[in-house]
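**Q** Below are the chains, spelled out letter by letter.
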Amino acid sequence: MAVSGGRRINWGRRIAIAIPYFWLLAFFLAPFLIVLKISFSEPALAIPPYIPTWDSWEAIAGHFSNLNFDNYAFLFSDPLYLNSYLNSVRIAGISTLIALLIGYPVAYGIARSSPNWRATLLMMVILPFWTSFLIRVYAWIGILKTGGVLNTFLLWTGIIPEPLIIHFTPTAVYIGIVYSYLPFMILPLYASLEKLDLSLLEAAADLGARPFTAFRRVTLPLSLPGVAAGCFLVFIPAVGEFVIPELLGGSSTQMIGRTLWSEFFQNRDWPIASAVAVLLLLVLVIPIMIFQRIARRGVTG
Amino acid sequence: MHKGPGLFLKVSMILGFAFLYAPIIILIVYSFNESKLVTVWGGFSTKWYVSLWQNQGLMDAAKISAGVAVTASTLATVLGVLAGFILARVPRFFGRTLFSGMVLAPLVMPDVIIGLSLLLSFIAISLDRGFITLVIAHATFSMCYVAVVVQARLAGFDTSVEEAAQDLGARPLTVFFRITLPLIAPAVAAGWLLSFTLSLDDLVIASFVTGPGSTTLPMKIFSSVRLGVTPEINAIATILIGLVATGTVIYSLMLKRAVALRIRAEQAMKG
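Protein chains in written order, with the numbering used here: chain A, 1 to 301; chain B, 302 to 572.
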C-alpha cells in the first residue's frame, strides 16, 4: 500500500512538513541569528541604531577574525549586568522552590481526590492560566501596596501596628512569580502523581513504613519526572521575566529582562540589548535542553 | 480501593486554591467600587464600566487586540495543527530533531528574547511594523502551543482508523479531513482558544514588534497601570476575566456533550 500510494503521500507530506518548518525557521531560528549578528556590531545613532558587522555572506569569513566583542566586554566590565543576571537566576531559583513546596501538596491532593472531583479541581488550576497574565500581576498591586487590601485587613484585625511595605520589594516579586507560574508547577506534578499506583503505598505500610517514610521512599522518587518538568517550566520563563519585576519589584529588583528592556527602549542601544539577549539565552540553554528532553520523553512515552 | 487525600493535603489544597483565586476575586469586587480610592469601599456602582465605554483610547486598543488575536490564532491553528500532526504521525524526516526543538523552545523562551529577535528581523527585511508584524509574532509562538496540544491528542489515538480508511482507497488528504481532523477537533478548538487568549494577553512581544498606531490592549493597560491602580482598569480586567470564564465553561460543556454523544453512539452500536 505504501508503495502504490507512495509518490502522492510523499508530496503531500513534504508540503505539510515544509510549511510549519519554514515558518519556524524564518520567524524563530533566523531571528536569533540576526540578534547574534547585531550583538557583534557597533552602536550608532541611526535607524536602525547599529552599524552592521556583516554586509554580505562573503564578508563573513573576512570579518570572523576581527569580530567586535566590545559589547560583551562592556557587559562584563559593568557590574550592573552581572548583578542583574545573578539576581534573575537567584530570584527565579528561589521562586521555583517556593512554587514546588506549595504546588506539590496541591497536586498530590488533586491526584488523591475522587475521579469526579479531579476534573473540576484540574479545571480550577488551569483557569487562572487562561486569565490574562498582566491582569493577574496587576491584581497584586492593589493587594500589596502600602494602602492596599492586605495592609488594610491586617491593620483592621490589629495583627500589625503599622502597614507592611511589600510592594516594590523583592518579596513582592517572589509572590508575583510564584502566583503566576503555580499552575505550570501543579500540572506536570499532577500528571506524574496521578499515575502513582496506590498499592505501592499500601505495600510500604504493610511492611511497616510510616506515612512519611512511605512518601519519601515511594511517592517522591516516582514523582521526580514531574518535579523536574514543573521546575523547568517555572524557572526558565521566570529568569527572563519582565512584567513582574517591573510592576511589583520597582527599582529594588533589577532582573535581566528589565535590563534588556531598558537598554532597548530607553537607551536605544540595540547591540547591547542583543548581547544581553545572547547571554541570557546562554544562561538558559542548558535548562531548556534538559526541559526538552523531559518533554519529548513525556510525549513519546 | 481508593483512599482520599488526608487532612494535610486537604488543607494545602484549600490554601493553594485560595492563593490562586483571592487576587482575582478581590479585583472583581473592587471593579464595582463607587470610590475612586481602590481600597476604600464606597458602595456598589457600575460607573467604571460606563467610563470605560467612553475611554476612546482603551476602546481603540481593544479593537486592535481583537483583530490581531482572531487573525493570529487562526493562522496559528493552521500552522500548529500541521506541526502537531507531523510530530505525532511522521516518525522520520530530515531535521526532525531541529523541528521538534523549534516547536518546544518557544514554550519556555523568555518573551523579551522572542520580541527583540523578531523586531530586529522585521527591520532587517524592512517590513513595516504594525498589524502584520503583530500577527506574525503572535502566530509564531501560539502555533507551538497548538502543536503540543494537537500532538498530545493524536498520541492518544492509534493509527488503525486512518490506516483502514487508506486501505479502503481514501487519499491521504481525504483521510486527514474525514478521519484525523474530526478526531482531533476538540484539541483544535482548544488550540485556537489558547492562541486567542495568548495573543490577547501578550504585552512584551507586542511592545517590541508593534508600530505607531497599533497599540494593543495590554500595552494600553500596562501604561496606565504604571501610573497606579485605577478602578477603570479593574473594570476592563473583570470583563476580560468574564470572557475567559464564559469561554472555558462553554468549551467544557461542549466537550461533555461530545463525550456523552460518543458514549451513546457506542452503546447504540453494542445494542
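Hints should not be assumed to be uniformly reliable.
What the hints assert, rightly or not - Sample of chain B residues at the chain A side, in silico, Cβ under 7 Å:
id	residue
1	V409
2	D502
3	I564
Unchecked claim - Which chain A residues stay away from chain B? Per the calculated CB distances, all over 12 Å, these:
id	residue
4	A73
5	L97
6	S113
7	W117
8	T157
Just so you know, these hints were derived from the structure itself, not from any lab.
Note that CB positions come from ideal geometry on N, CA and C, so glycine has one too.
**Q** Now tell me, hint by hint, if it's right for this structure.
**A** Here's how the hints hold up against the structure:
no., hint, verdict
1, V409, "4 Å, holds"
2, D502, "5 Å, holds"
3, I564, "15 Å, violated"
4, A73, "20 Å, holds"
5, L97, "16 Å, holds"
6, S113, "6 Å, violated"
7, W117, "9 Å, violated"
8, T157, "15 Å, holds"
In summary, the numbered hints that this structure violates are 3, 6 and 7.
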